[in-house]
Amino acid sequence: MIQTIAERLAASPHRWLIVTAVTCVLALASALPQVDLLIAERSERSELQAELTQAEASAAQLPVYEREYSAKEQKLERLRQRVVDESQLASLRTWLVDAARQSGCQVRRIDLANPSLRPWSDDENPISPTGPTNKSKATPFQLQTRAVTFSVTGSSNELVALLKAIDVDRRLKHASNIELKPMARNAQELQLELTLWYFALVRTSDVA
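The sequence shown runs 1 to 208 under the numbering used here.
These aren't lab readings, by the way, just hints derived from the structure by calculation. Keep in mind the model is a prediction, meaning the values are calculated, not measured. For each residue, glycine too, the CB sits at the ideal point set by N, CA and C. Do not take every clue at face value.
Unchecked claim - Straight-line Cα separation of at most 27 Å, DSSO-like style, residue types lysine-lysine; simulated pairs:
{"no.": "1", "residue 1": "75", "residue 2": "173"}
{"no.": "2", "residue 1": "75", "residue 2": "164"}
{"no.": "3", "residue 1": "137", "residue 2": "72"}
{"no.": "4", "residue 1": "137", "residue 2": "164"}
{"no.": "5", "residue 1": "137", "residue 2": "75"}
{"no.": "6", "residue 1": "181", "residue 2": "137"}
{"no.": "7", "residue 1": "72", "residue 2": "164"}
Unchecked claim - Estimated spans, in silico, between C-beta atoms of each pair:
{"no.": "8", "residue 1": "47", "residue 2": "91", "range": "27 to 33 Å"}
{"no.": "9", "residue 1": "114", "residue 2": "76", "range": "41 to 47 Å"}
{"no.": "10", "residue 1": "73", "residue 2": "176", "range": "31 to 37 Å"}
{"no.": "11", "residue 1": "71", "residue 2": "177", "range": "34 to 40 Å"}
{"no.": "12", "residue 1": "175", "residue 2": "58", "range": "34 to 40 Å"}
{"no.": "13", "residue 1": "181", "residue 2": "89", "range": "40 to 46 Å"}
{"no.": "14", "residue 1": "164", "residue 2": "80", "range": "47 to 53 Å"}
{"no.": "15", "residue 1": "93", "residue 2": "188", "range": "48 to 54 Å"}
{"no.": "16", "residue 1": "178", "residue 2": "66", "range": "27 to 33 Å"}
{"no.": "17", "residue 1": "78", "residue 2": "47", "range": "42 to 48 Å"}
{"no.": "18", "residue 1": "128", "residue 2": "58", "range": "19 to 25 Å"}
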C-alpha cells in the first residue's frame with residue numbers, strides 16, 4: 001500500500017507541491033511541542049524574575065526594618081526603666097531613703113502599699129478615678145498602681161531639695177497627696193507627708 005502511494009505520488013504532476021505541503025505539516029507537528037515548551041519556559045522565567053525583583057526590594061528594605069526595630073527596642077527599654085513593678089520595690093525604697101539623706105532630711109516612715117490593678121485601655125488617663133470608658137480600646141494589660149507614703153522632716157530648703165530630686169526622677173509616678181506642717185519642738189523644722197503613686201503595666205495573662 002505504501003509502495004502504491006509512493007508510485008502515485010511520483011507520477012503526479014503536483015508531486016513537488018504535495019511533498020512541500022507534507023514537509024510543512026511534519027515541520028509544524030514537530031515544532032508545536034517546542035513552541036509550547038518555549039512559552040512555558042518564558043512564563044516561568046517571568047515569574048522567577050518577578051520573585052527575584054520582590055526579594056531584592058525586600059532585602060533593600062531590611063536595613064530600614066532593622067533600624068526601626070532597634071529604635072523600638074531602645075524605646076521599650078527606656079520605658080521598662082521607668083516602671084515600678086515587684087522587681088523594682090527594693091531599689092525604689094533605697095533610692096527614696098538616699099534622696100532624703102542627700103537632701104539633709106530625716107526619714108521618719110516609708111510605707112509601700114499593695115498594688116491595685118485595673119484593665120488598661122489605649123489613651124486612658126492613669127490617674128482617672130473612673131477607669132477606662134466604653135469607647136476606649138482594650139489592651140492585654142492591667143494598670144498596676146502602687147501607693148508609697150513617705151514621711152520626712154527637715155528645713156524648708158532641705159524639703160524643697162528632696163521634692164526636686166523626686167520630681168526629676170524618671171519613674172512613672174503621680175503625687176496624690178502632700179502635707180506640710182511645722183514640728184512642735186522646732187518651728188524651723190518641718191514635717192513632710194508625701195503620697196506617691198507609682199505605675200506599671202503587667203500582662204493580664206501574668207496576673208494570678
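These are the hints, each one checked on the structure:
1. 75 <-> 173: Cα-Cα ~18 Å, so holds.
2. 75 <-> 164: holds, 25 Å
3. 137 <-> 72: holds, 22 Å
4. 137 <-> 164: Between residue 137 and residue 164 the Cα gap is close to 35 Å, so the pair fails against 27 Å, i.e. violated.
5. 137 <-> 75: At roughly 22 Å apart (the allowed maximum being 27 Å), residue 75 and residue 137 satisfy the hint.
6. 181 <-> 137: Violated. Residue 181 to residue 137 sits at ~43 Å, over the 27 Å cutoff.
7. 72 <-> 164: Not satisfied, since the Cα-Cα distance of roughly 30 Å exceeds 27 Å.
8. 47 <-> 91: 27 to 33 Å: Violated - the Cβ-Cβ distance for residue 47 and residue 91, about 59 Å, lies outside 27 to 33 Å.
9. 114 <-> 76: 41 to 47 Å: violated, 27 Å
10. 73 <-> 176: 31 to 37 Å: At 33 Å between Cβs, range holds.
11. 71 <-> 177: 34 to 40 Å: Taking Cβ atoms as reference, residue 71 and residue 177 lie about 38 Å apart, which means the hint holds.
12. 175 <-> 58: 34 to 40 Å: violated, 50 Å
13. 181 <-> 89: 40 to 46 Å: For residue 89 against residue 181, whose Cβ atoms are near 28 Å apart, the range 40 to 46 Å is violated.
14. 164 <-> 80: 47 to 53 Å: violated, 25 Å
15. 93 <-> 188: 48 to 54 Å: violated, 28 Å
16. 178 <-> 66: 27 to 33 Å: 46 Å Cβ-Cβ, so the 27 to 33 Å window is violated.
17. 78 <-> 47: 42 to 48 Å: holds, 46 Å
18. 128 <-> 58: 19 to 25 Å: violated, 44 Å
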